[in-house]
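S.K.: Make the full structure from the sequences, and use the hints.
Chains as they are written, first to last, in the numbering used here: chain A, 1 to 286; chain B, 1 to 288; chain C, 1 to 244.
No lab work stands behind these hints: they were computed from the structure. Warning: the hint list may mix true and false statements.
Only pairs whose alpha carbons sit at most 30 Å apart, straight line, appear in this in silico DSSO-like list of lysine-lysine [as the list claims (entries may be wrong)]: (1) 10(C) x 169(B); (2) 138(C) x 169(B); (3) 188(C) x 162(C).
Which chain A residues stay away from chain B? Per the calculated CB distances, all over 10 Å, these [what the hints assert, rightly or not]: (4) 4; (5) 60; (6) 68; (7) 79; (8) 129; (9) 168; (10) 170; (11) 181; (12) 182; (13) 247.
Sample of chain B residues facing chain A (criterion: CB under 10 Å; computed from the structure) [as the list claims (entries may be wrong)]: (14) 31; (15) 82; (16) 84; (17) 85; (18) 92; (19) 95; (20) 101; (21) 104; (22) 111; (23) 222; (24) 225; (25) 261; (26) 266; (27) 273; (28) 288.
Since we're looking at a predicted model, the values are computed, not measured. Yeah, the Cβ is synthetic: ideal placement off N, Cα and C, and Gly gets one too.
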Amino acid sequence: MFSQLILNSIIAGAIYTLVALGFNLIYGATKFFNLAHGVLAAVGGYSVFFFGKTLGWNIYFATALGIIFAGLLGYGLDKFVYLPLRRRKASKMILLVASLGALTAIQAIIAILFTSQFRTLSQNTGAQKIYEVFGGVITETQLVILITGIAIMTVLALILKYTMFGKTIKAISDDEEVARIVGINTDKIIGYVFFIGSAIAGLAGILVGFDTGIQPTIGLGLLLKGVIASIVGGIGNVYGGVIGAFLLGFVENFGIWKISGEWKDAIAFALLIIFLIFRPRGIMNK
Amino acid sequence: MEYLIHLAILFAIYAILGISLNLVVGYTGLLSITHAAFYGIGAYATAILLTYFGVNFFISVVLGIIIAVVISFLIGLVLSKFSGDYYALGSFGFNIIIFSIFLNWRGLTNGALGIAGIPKPEIFGVHFFSNTMFLIIAFIFLAVVYLAARFIVRSSFGRVLKAIREDEKTIQVFGYNALYYKLAIFVISAGMAAVSGSLFASYITYVDPSTFNLMESVFILVIIILGGLANLRGSILGALFLVLLPEILRFVGLPFDIAAQMRQVIYGIIIILLMLYRPQGLIGEYKL
Amino acid sequence: MTIIETKKLKKKFDGVKAVNDLSFKIEKGKISGIIGPNGSGKTTLINLLTGIIPIDSGTVIIEGTEKLVKIKPSQVSFYGITRTFQDVRIFEQMTVLDNILVVLTERQVLKALFERHKDYYLKHAEEVLRKVDLWDKKTQLAATLSYGQRKLLEIGRALAMKAEIYFFDEPFAGLFPEMVKIISNIMKELKRSNKSIILIEHNIGLIRQLSDYVFVMDEGEILAEGVPEEVLRKKEVIEAYLGD
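M.R.: Here it is as structure tokens:
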């Protein structure tokens, strides 16, 4: 029982990590809360549904398409909505409200195209391969989630730390004004950041689609978890998002051990509010 | 004709919601995205008191206001520690927590099943059974709320709210305790929202949690930004838009289930366009 | 007599001592200038004294009676203190008139809620706005004013407070001579009414002209103080400026 709880926590943490990674990356570069981030996860998932199940294409190909599509949509949002606003020195609140608009519109478009029915991406309706770990049980999909989460987190960390691109992103995060003065094309780099962050979000949505399934509203749910994870762990800090994500996963799953499962969201948000009051910078930030 | 009355009642309900939220967002500059919670508190107060305890509708309105005031006071205390975009996130959190309570505290709210059979208002033997009579009540409430909001806005208090919106730290240096003002308006606005919740409950005769989720808060925000922040008539305009839009969509021939989602798409796109090209909305006096 | 005094006032930002063990005394009814190179801590000092940022340690004594180790911004006006800001913080999306009215009206929440238009507020506002030559712009939004007009509006707002102690943070920066004259005259008039002014300014000429006493700050400390003619000749002072 206990080890299953731990396993569930880790799996949840892995999913939230994927969402938080992109969210934090974008926040770090632009300093605003992109509330449309979550819905890009839904976009990823539904793209795979469309290409993989409706059109029947190869599932790996469909997955790749889903990731790219989510990334492109995020990139487009930046290019046509956020960038023009940033150029006008719009306040953080305006950007937040604009992202709210994007979330609202995209979520509804998905509902129109695919109906609100719950969909799963997995091919076979038969039982999945199951692994026994320390007395708990984990499905093959969940294992993939775990591995993917860790892999992306590692790759991203390496890119940010060791490549020129990563250092440029850090420069922009520290001070966009200065970065621009020293000749960095901040608009272009931020565009890439949106692409990467949104693509990772798309991947998160796809994995959830394989694991439990997707609905149009799943974007909002994942976004909120991503926000909580990011703030708890340390907003703008990529590693912080990871810590926050796993902490959230644990608090949620252990929380509902004693309290009924339906209070999961309330528990998650209580955690957010506690951190907002006592440590708004999160765990990792000074 | 019956249908027009139906629309008018919905309009009144949303106009009250819009006016009350505008006081907080447009005049005081607090990006609060939790209004549906107070809307829901009023609705559930009326639903529970009328169906389980046979309390008079008008008394339930008062009680709903009191509950909303108390809860909003506590929430407002916590939220006042945040500013700008963090405020928005914190308010999200509260909306979700309260929504969770509506959904999960089944003993009180009957959870997802909702509460049905809410009776229509009655006072001194007069039973407001017809929609036309209900419309009168709704519009009286709307008038009261509008006048109260206008009273607030035209007072010295209202001017201070705007200064808090412009530069909270600075206005404090001139002798104002911004926290008290922010709390006061947040609580007043929550009480007003509860009133429209009570109207909703008795009119539709059925409440369930899904009406009071995060998206609803977003919708109310959209209509006040559209109508115009810091302009009470703007909120009325926004409410008009919100009520007429589905009708226009239906007129154009969209099937029912798509119409609801289409509304959402349009709201989302409108918000983006507003932010890009006209942040003050239609007749607003304040740009975000 | 001393109207404001600080004892070992300290403020650190990220390990940098912005205000370092600062003790000084401001005389009542005089114009006290504070000068110093950029980053010397002048604005931080004013921000500490007006509750904008919290004090790390040290005491502030007002009129010999109030001994404070913590200053809340909303208390500041009750101590008879008001100020202007280096980055001109007026209320942009409010009218010029409202910018003044808002500091005249009732402070207490409930009373403010039930307070309507009062003639004497309007009269007082008119008096102030005419002094800064902005009365004919009273219905314009503050955001539409020119830079100089904004500074004047801020000064007007401070005047409206009828305070005892005025902190002006670089009020003359970027202004045309005519406006400099208006503001100088306002300060002189305040002094004639025995009000106390603390003036941060970079323009040494104006400091010489207006101040009765000057403090020179450098790296969070008082480097020198005294009558303008003497202080401005001191070697350390010149070095502090040139060394920057």
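S.K.: Under 10 Å is the threshold here; is the Cβ of residue 266(B) close enough to any Cβ of chain A for the hint to stand?
M.R.: Status holds, d = 8 Å.
S.K.: Given a cut of 10 Å on the nearest C-beta pair, is the interface hint for residue 288(B) held or broken against chain A?
M.R.: holds (5 Å)
S.K.: Quick one, is the residue 85(B) hint okay against chain A at 10 Å, beta carbons?
M.R.: This interface hint holds because 5 Å falls under the 10 Å limit.
S.K.: Run the C-beta distances from residue 170(A) to all of chain B and say if the shortest one exceeds 10 Å.
M.R.: Correct as stated: the minimum Cβ-Cβ distance to chain B is 22 Å, above 10 Å.
S.K.: Does the closest beta carbon of chain A sit nearer than 10 Å to the beta carbon of residue 82(B)?
M.R.: Cβ of residue 82(B) sits 6 Å from chain A, so the hint holds.
S.K.: Does residue 181(A) clear chain B by more than 10 Å, comparing its Cβ with all Cβ atoms of that chain?
M.R.: Residue 181(A) is indeed farther than 10 Å from all Cβ atoms of chain B, at 26 Å.
S.K.: Does residue 129(A) clear chain B by more than 10 Å, comparing its Cβ with all Cβ atoms of that chain?
M.R.: holds (35 Å)
S.K.: Evaluate the condition: distance from the CB of residue 247(A) to the nearest CB of chain B exceeds 10 Å.
M.R.: At roughly 16 Å from the nearest Cβ of chain B, residue 247(A) sits farther out than 10 Å, so the non-interface label holds.
S.K.: Is the Cβ of residue 168(A) more than 10 Å away from each Cβ in chain B?
M.R.: holds (25 Å)
S.K.: Confirm or reject the statement that residue 68(A) sits farther than 10 Å, beta carbon to beta carbon, from all of chain B.
M.R.: holds (23 Å)
S.K.: Report holds or violated for the interface hint on residue 261(B), using the least CB-CB distance to chain A and a cut-off of 10 Å.
M.R.: holds (4 Å)
S.K.: Holds or violated: residue 273(B) as interface residue toward chain A, Cβ cutoff 10 Å?
M.R.: holds (8 Å)
In this structure, none of the earlier numbered hints is contradicted; all agree with it.
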